[in-house]
Structure formats: structure tokens, C-alpha cells
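*Asks:* Residue numbers (the numbering used here), protein chains in the order written: chain A, 113 to 523; chain B, 113 to 523.
Hints are computed from structural coordinates only; laboratory data are not their basis.
Predicted model, so just to flag it, every value in this text is computed and none were measured.
Take these hints with a grain of salt, some might be off.
No distinction is drawn between identical chains; accordingly, a pair holds when it is met within one copy or between any pair of copies.
Capping the alpha-carbon separation at 30 angstroms, the derived lysine-lysine pairs in BS3-like fashion look like this [unchecked claim]:
(1) K465 / K258
(2) K295 / K120
(3) K129 / K465
(4) K520 / K295
(5) K520 / K496
(6) K295 / K129
(7) K165 / K496
(8) K264 / K402
(9) K295 / K252
(10) K465 / K496
(11) K520 / K264
(12) K336 / K520
(13) K165 / K465
(14) K322 / K336
(15) K520 / K465
(16) K252 / K402
(17) K322 / K258
(18) K465 / K120
(19) K496 / K402
(20) K402 / K520
(21) K258 / K129
Number of protein chains: 2
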Amino acid sequence: MDILPHLKELSRRTPSKILFVVLDGVGGLPREPGGPTELAAARTPNLDALARKANLGRLTMVYPGFAPGSGPGHLSLFGYDPLIYEVGRGVLSALGLGVDLGPDDVAVRGNFATLNPDGTVADRRAGRPSTDENRRVLAKLREHIKEIDGVKVELHTESEHRFVLVLRGAGLGARVHDTDPQKTGVPPLEARPHDESDEASAKTADILNKFSALARQVLADEPKINGVLLRGVSKRPVWPTLGEITGLTPAAIASYPMYRGVASLVGMTPLDVEIGDDPDAPRGKLAAIKNNWSAFDYFYLHFKKTDSTGEDGNFDEKVHKIELFDELLPELLALEPDVIAITGDHSTPSVMKAHSWHPVPFLLYGPYLRNDAATRFTEDEAAKGALGDLHGTNVLPLLLAHAGKLQKFGA
Amino acid sequence: MDILPHLKELSRRTPSKILFVVLDGVGGLPREPGGPTELAAARTPNLDALARKANLGRLTMVYPGFAPGSGPGHLSLFGYDPLIYEVGRGVLSALGLGVDLGPDDVAVRGNFATLNPDGTVADRRAGRPSTDENRRVLAKLREHIKEIDGVKVELHTESEHRFVLVLRGAGLGARVHDTDPQKTGVPPLEARPHDESDEASAKTADILNKFSALARQVLADEPKINGVLLRGVSKRPVWPTLGEITGLTPAAIASYPMYRGVASLVGMTPLDVEIGDDPDAPRGKLAAIKNNWSAFDYFYLHFKKTDSTGEDGNFDEKVHKIELFDELLPELLALEPDVIAITGDHSTPSVMKAHSWHPVPFLLYGPYLRNDAATRFTEDEAAKGALGDLHGTNVLPLLLAHAGKLQKFGA
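Okay, chain A solo, but in the shape it has when bound (with noise of 0.2 angstroms):
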């Protein structure tokens, strides 16, 4: 349910200060039958006290059995219900990668693929190219293609066979089919608008496919990569923001693309984190917070690594990034939020090398907590916690419930 409308008429502002950590698939599962997790498995003194202290429970983002993307993970925990708040994968894809939006804009997911002499799929994926060869081809596709009918065609290499179309111009509509049949041995499909009657989406379709024809003639000569394959046609979609909603002023501490540019859907200023040799950035994300603790009141702070290493399959290296993440911790209690909280934004046990739709261990530290059993961030201390299972979109609530910034609701 959406719960947004609820809180617009609840929240209030107030001066204090909310922490909202996510250690991107912190959840895991054990390697062997009754071994530990990764979260079980680390050292981690400082969590281990700030756990003790606090109120623990575990989140399901989504819905029991499904496991989220990164953005339907984070859009539920900011509060925005990911099977209502939908993101269209044109402009996922294109967040990612950092791509800036405008309201006009419409992004498209696309994928290399091999055409038959006939004209049929013969491979969806075109051999799972190398990112190079993507890179290669894309730069000849972006030689020969930079405008049709007025509109700006631009393209960005995501990996392997996945690419970026963004079509910039005025007038475009996104309520376009995907011209990915599926399956091989038939043709691709036309760009249809959804709505005949529907004009701009009409437009985008016709320049999709004068894009798709235009590709085929470039890339006659490539022995596999030879056509593409649309899909996710969609505009950055325009919602309540979290300042418009909560009265927040909420700041998103995060390096990589993708993060930043989710958390600038839902209205948050993305603070400018200094890189230097870890593209994660820990030290460049405590600086950038600290910099900036009185200009906001909601600071959303990111880390990616235990979510990588978890799709590597590497369990040792995920233990190890929490465990980089318990040293950091002290610094960022020192700030004195008034409200901390911790999770992820879905589990990515390192046995399964991929996301997963087990709940996720909360931690939430704040003035009204009630007792309780839980003496780790774990997945199993967590179940033994106070604040019991939740959903994602029930985080944003507590959090402001715990800082003051809900009134009453009804008398």
C-alpha cells in the first residue's frame, strides 16, 4: 500500500537528525547447514555494542520470495512502495550510469544482438560480447547516428551486450512496446505505442525504429552484432519528493551512479563524495557527511561492497567489508544522530552469487526504545528483535516516528 499520502499529512519538522545506513546485500545465508553468516562471521565490535543498545528486526523490501533490484530495494526503504512506484529499466539502466534525465528525456534499455540473413533473432544477446567489444561497436553506431527528426540520440555502454539509448527532444512520449520478441528464430518487433491515438509515444516509436533500421545498416559488416533489441522505453518518473512529503531535507551520501541517481528520484540532494583509490569511497563519504551534518536533517549513507562481493561469491571478502564498515562506525556515532539506523537493501548471500529475497537485518537506535534480545546484527540475532518482521516502506515511518516528526494520527 502507499503509505506517502498518510505521511504527508502526519510529519512535521523538527531539528533533528536521522542516519540511514544501507550496506548494499548485507543480508546472507550460511555456507554450510548451521555455519555462520557473513554477518555472523565478521568481527565486529562496534556493531556488536551499538546492537546491544538498540531495537533489531529484519525487513522484507518487496514481497516474501521476491528478491529486489537495487532500486525497488532502496525506493521501498526511502518509503516509496516499489510495486506502485514503478521505475521504468530504460531509466535504471541509465542511472547507473550516471546518465542525467530531464523531464523530456526517454531512456531505453538495449541489447546487441545477431540477426539472421532473413531477419530473425539467431542470438538475443549476440554471444555475450566482451564490454571492449560493446565499447567498439557502440562508438561506430554513435559515428554514424547522432539525430533523427531533430532528436538527440545518444548512447552509453553498460556491459557485455547491454546498452543506453537516451533520446533527448520535446514532444516524446514513453508508452512504448519493446521490440525484443523473446525468444529467436522471428523477427524483432516494431516500436508501437501503447495508444495509437497516443502521439508523442508515436513519435518515440517512429524514431525508435528509423534507430533500429539505421543500426542494421552500420552494423552490416560485424559477423555477430549485427542488430538491437529494445526495451524498458521510460521516462524518469516524476513523484512526491521526500522533502514535499515529510518536510525532510534529506542528503544522499553515495558513490556509485546508480544509488545517487535513485535517491535523486525520490528528492534527495546527492552530496559530492571525494573517489580517490576505492571506488567506494568510505573515507570521501565520512568526509562528505561530516561537511555537510547541519545543512540537512536525513542523511542516507550508501556502501556497495557487501553487495559485490556477495555476487562473487566471495564470502571471506564479504566478512571483510563489514568488517571495514564496524571501524567506520564510532565516526559516524559521533556525529550524534539522533535517530541511526542500519540494513540493506536486500540480501546477496555469497553462496548464491546474486540477490536474494531473504529479509534483511534493522538496526534502529533512538530515544523511545523498547528492550530486547537481540545482541548482534545478525540475521539471527535480528529475528530475536523488538521491532519484529517489517516491510521496507515501514522503515521511513519509524524513522520519523523515533525523531519526532510524526504527529498523532486521528484524535
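The hints should help you fit chain B onto chain A, whose structure is shown.
*Replies:* Chain B only, in chain A's frame:
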């Protein structure tokens, strides 16, 4: 979600009896980290004995983080989702004063205000006058304004700057915006219907504007209280009753007008309670329930003082009120209800001196129980209970099920 239509399909009448005790605001917080809550500090041998035999769980009445008012908290416990079944502020205030509202009457919550000579609002609460001062000024208004355009005007003191205005007449609508501008330095707003074509609400708006103007004339000589701001224009909602939905014959045993009023909104019969010295009237309530035991099959029994002592911030006195209930419990058990449930309508931790969002312990005793580890009716023990974490609206179906009053869902 609204479970009532489903309950209507599944409910059946049986002779079994349900006793449902609400200890207002009974949930609490520890005074210091690790310390006992009010419930944990209380000496409650009878509740403890019942808790060891019963099943426990925890209830959230509206949504995590939402501190419920008394109206929404109770509606949830009665099965009416408060995010769906809304009651206007005017109606709730009138119910709280024990003012009867017919289906045609309109209730409005009024605030006394101080207006500047130019008509702008100087103080939205007129310097928070004493309740006696409120009575004096309201008597003056009552003397001069008895009727407007054939509609009877009724005025009731609530407290301090707050009063209730009731309009009694035919053809009145209640879809009217507030006149309270919610800030100072601007004039009160004109009362306007939500929809100009809604003639009944336009008529109400017109009468409210005339009332505001008359009030300014009558109060022209008053130094502080020289204007009124009107909010929460509403009519008593017309909902399916508990009897219509479930076949229950429900009785309400409560001494405070608000709770008798909310119970009557859902079709309960409020029983006469002899008040005596203590407005919470425990002996009067026991007599009422005993005298009417054969005439009803669902008894909502309300005690207020666990909330008011919490609102006062008096931890020890709240503990004492819990202990007083414990002393009454054997007499209630002696009635041998088939199902007994005990909970609160929200938490009112003494340390917060206010309603809070924290889940409330819920105790259920009946013939079909699981085993559980909870040994006392406290926040911590309830978290170990077999019932788990539930929503307030889950209570009614559980009571019906344990009382054998719910048929199988589907074949």
C-alpha cells in the same frame, strides 16, 4: 485492507461469549535502558496466571510508526481499518463530550482565536484560555446565537480554546473546508464546500460563515477571545454495524463518553454504568457486565486510567492502575467467557507522556490455543507469544474464530 465484507460472508451465530478488555494506552517503555516497562513493573499475579495459559502477540493498530488517536485505535480493534473508516474531527470531539449526533447533524471542532483589528489571526488558540474562561465565553455565544437560517446551533465546551459546534437541521452537507488558515498573520478562511455543486455542503458553509461573523460581533469587546476558527466539519459516518457484519450482539462497557461514542459508531449497545467516586468506575462496570451477561455475546470492556496516568508521565501510577485491573480479573474470569482477550488501543509510555506507535501486547485465551513461551502480559513476553505480530484489525476475526463463529473460507 477492509476485512469486514469477508467477515460478513463467513460469520455465524453461536451461543458462545466473547469478553474483550481494552486497557487504554497500556503499552509502555522502560524508564531507563534495560529497565521494566509499566506492565513489567506491575505486580499482576492474576494476569500472569492467565498469560501462562493464554496465547500472546503484539498489535499495531494503524501502521508502524503511527501513534493512533483513541478513535482509530479502537476502530482497528473493532475490525474497522482506520485508514479506510475515517471519522471527522468534529464528530470525534462531539462523541468525546457525549453529544448525541443524529444522521442529519453536522459536528464541527472550533478553536477560540485572537484576531487583529484588521481581521488577521494573531493567535490561533487565543492564548490558551482556561476551560472556565471557555465556558464563560461560550455561554455568551450561546445566548446570542441559537439558530441560523432555521438550523439549530449548539455549542459545547471541550477544554481550553477548544469547543464543539453542532448544527441540527435538515439538508446539511459536511464536505466543507476548514476556516482555520493554520497560520497567523492572515485572515480566517471562508468556509467553502469541497464541490460547489454540492448544495447541502454549500448550505452548511454558508451557515458556518454566518456563525463566524456573528461570533465576531458578539465577542467584539473581548480582549483575547474575539474570533473562532472551524475545523473537521463532519457527520456521523454510516457504516455497517458489527451486528450486521458478524451477527454478534455487542455491548460496550465504558464510562468515558469518547469510548461509548466510538462503540456506538460500530453498533454496540453502551450499557449504563454507575460511576460513583471514580470516573473509571471499575465496580460500576463489573456490575454492568454481570447484570447483562445473558443479554449479549460480545462485551467490550474499557478502562481509561492506564492511558491518563501515562499521559501524565506518572510511571508509578500507571503501574498501580494495571495492578487494580489485575485485582478485578478473577471476577471477570468467573463469568466464564468462551473467549477472553486483553490488550490496549495504543501504547502511552509514561516517559513520552503521549500516545505512541509501539506495538501493544495482546492476550487471547480460548479453547483452541497453541503453546507459547510468554509467561506474562508484558511487551517483552508478548514478543515471544504464539500469535506473533498482528494488525489491530486481525483481532475481530481471531475472536470470532476462537468463539466458533467463523465458517471455513472456501470449500
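*Asks:* Could you run down the list of hints and mark each one as holding or not?
*Replies:* Structure-based check of each hint:
For the identical chains of this complex, K465 and K258 are neighbours neither inside a copy (39 angstroms) nor across copies (65 angstroms), given an alpha-carbon limit of 30 angstroms. For the homomeric pair K295 and K120, the shortest alpha-carbon distance between copies (18 angstroms) is at most 30 angstroms, but the shortest distance inside one copy (45 angstroms) is not. Taking the closest pair of Cα atoms, K129 and K465 come within 30 angstroms of each other only across two copies (22 angstroms); inside a single copy the shortest separation is 36 angstroms, beyond that limit. Taking identical chains as interchangeable, the C-alpha atoms of K520 and K295 lie at most 30 angstroms apart only when they sit on different chains, with a minimum of 20 angstroms there against 54 angstroms within one chain.
For the homomeric pair K520 and K496, the shortest alpha-carbon distances inside one copy (28 angstroms) and between copies (28 angstroms) are both at most 30 angstroms. For a Cα distance limit of 30 angstroms, the shortest separation of K295 from K129 across copies, 25 angstroms, qualifies, whereas the shortest one inside one copy, 51 angstroms, does not. Taking the shortest Cα distances, K165 and K496 sit within 30 angstroms of each other both inside one copy (14 angstroms) and across copies (19 angstroms). Taking identical chains as interchangeable, the C-alpha atoms of K264 and K402 are never at most 30 angstroms apart, the minima being 40 angstroms within one chain and 62 angstroms between chains.
Taking CA atoms no more than 30 angstroms apart as the test, K295 paired with K252 passes inside one copy only; the shortest distance there is 27 angstroms, against 61 angstroms between copies. With identical chains, the CA atoms of K465 and K496 are at most 30 angstroms apart both within one copy (27 angstroms) and between copies (28 angstroms). In this homomeric assembly, K520 and K264 never come within 30 angstroms of each other (Cα to Cα): the closest approach is 50 angstroms inside a single copy and 33 angstroms across copies. Taking identical chains as interchangeable, the C-alpha atoms of K336 and K520 lie at most 30 angstroms apart only when they sit on different chains, with a minimum of 29 angstroms there against 63 angstroms within one chain.
Taking the shortest Cα distances, K165 and K465 sit within 30 angstroms of each other only across copies (22 angstroms), while inside one copy they are farther apart (32 angstroms). Within a single copy, K322 and K336 get their C-alpha atoms as close as 21 angstroms, which meets the 30 angstroms cut-off; across copies the closest is 73 angstroms, which misses it. With identical chains, the CA atoms of K520 and K465 are at most 30 angstroms apart between copies only, with a shortest distance of 13 angstroms across copies and 44 angstroms within one. In this assembly of identical chains, K252 and K402 lie within 30 angstroms of each other by CA distance neither inside one copy nor across copies; the values are 45 angstroms within and 59 angstroms between.
In this homomeric assembly, K322 and K258 come within 30 angstroms of each other (Cα to Cα) only inside a single copy, at 12 angstroms, whereas the closest approach across copies is 67 angstroms. Taking identical chains as interchangeable, the C-alpha atoms of K465 and K120 lie at most 30 angstroms apart only when they sit on different chains, with a minimum of 24 angstroms there against 39 angstroms within one chain. Taking the shortest Cα distances, K496 and K402 never come within 30 angstroms of each other, neither inside one copy (33 angstroms) nor across copies (40 angstroms). For a Cα distance limit of 30 angstroms, the shortest separation of K402 from K520 qualifies neither inside one copy, at 33 angstroms, nor across copies, at 36 angstroms.
In the homo-oligomer, the alpha carbons of K258 and K129 never lie at most 30 angstroms apart, since the shortest distance is 47 angstroms inside one protomer and 51 angstroms across protomers.
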